[in-house]
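Chains A and B are the protein sequences, given in the same order. Take 1 as the starting number for the first sequence in full-length UniProt numbering and just add one per residue. Take 1 as the starting number for the second sequence in full-length UniProt numbering and just add one per residue.
Keep in mind that the hints were calculated from the coordinates and are not lab data. Check the hints yourself; a few may be wrong.
[Claimed, not checked] Derived EDC-like pairs: lysine to aspartate or glutamate, alpha-carbon spacing no greater than 20 Å straight-line:
{"hint": "1", "chain 1": "A", "residue 1": "K105", "chain 2": "A", "residue 2": "D93"}
{"hint": "2", "chain 1": "B", "residue 1": "K88", "chain 2": "A", "residue 2": "E107"}
{"hint": "3", "chain 1": "B", "residue 1": "K98", "chain 2": "A", "residue 2": "E109"}
{"hint": "4", "chain 1": "B", "residue 1": "K74", "chain 2": "A", "residue 2": "E109"}
{"hint": "5", "chain 1": "A", "residue 1": "K105", "chain 2": "B", "residue 2": "D28"}
{"hint": "6", "chain 1": "B", "residue 1": "K74", "chain 2": "B", "residue 2": "D105"}
{"hint": "7", "chain 1": "A", "residue 1": "K140", "chain 2": "A", "residue 2": "E41"}
{"hint": "8", "chain 1": "B", "residue 1": "K69", "chain 2": "A", "residue 2": "E107"}
{"hint": "9", "chain 1": "B", "residue 1": "K51", "chain 2": "A", "residue 2": "E119"}
{"hint": "10", "chain 1": "B", "residue 1": "K69", "chain 2": "A", "residue 2": "E109"}
{"hint": "11", "chain 1": "B", "residue 1": "K88", "chain 2": "B", "residue 2": "D105"}
{"hint": "12", "chain 1": "B", "residue 1": "K88", "chain 2": "A", "residue 2": "D93"}
Predicted model, so just to flag it, every value in this text is computed and none were measured.
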Amino acid sequence: MTNSKAGNFMNVQFAARSENESFARVVVAAFVSRLDPTMDELNDLKTVVSEAVTNCIIHGYDSDPEGIVTISASLDNETVHLTIEDQGRGIEDLELAQQPLYTSKPELERSGMGFTIMENFMDEFEVTSEPGHGTSISMKKTIVSKKALYN
Amino acid sequence: MNSHVEMEHHRGVLIVRLSGELDHHAADFVRMDLDEAIMRGQVSHLVLSLKHLQFMDSSGLGVILGRYKLIHSKGGKMVVCDATAPVKRLLEMSGLFKIMPLYDDESTALSDLEVAL
């Protein structure tokens, strides 16, 4: 577990329902707020949480609300570690899934930009997936505190 | 519902003002509202104002691209205006400005569209 280190951490689990997407964004934003992030940094984090949680709901669980989404976050000095995972169907072809504009669900009017956004908005980004068992996304972002900018 | 849609018809142009948060949850409601207005009214062109949109993710991009396809298939034009910095960044990343111009505000968008009519 990434939580064994001394830094602060939190775990949250919730039903794979679309109304929980805004909840997930707010929870992570509130947890990270102690690092005094800029509005842009906060928006980046909220966006990647939204992308990852939406993927769990739509792709991991095929919109089955019985599914459970888990978010783990920890703070290591100024660095936020985020893991967002599901125990859903998994991704068969990870390389294809990460192509910009590729979507496995064009009928749902998906833009195919989710992974591209996560990669762009975070410093580090890694997907692991096992078909039939689920997908886990681990990301890192170092917050350049507003205080540091002013000094 | 955490997203709001305000619509106004102006000489064949549908002006849509989005506010709140446009994520996957809100996308279905926004999509239905817009498609109903586009199919029912005498809509040739669409101006999408993002001035009061506080949050958008790739689900929002999907909604915008879908409406573009619909308007485009009817021979119309779709433009966006007043995007906040984070929304603009997302639109840029997706390459949306290659197919849809961005205007500073509604009136500039409207006057350009009416020239194009």
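Review point. Which earlier hints turn out false for this structure, listed by number in ascending order?
Key: 2, 6, 9, 12
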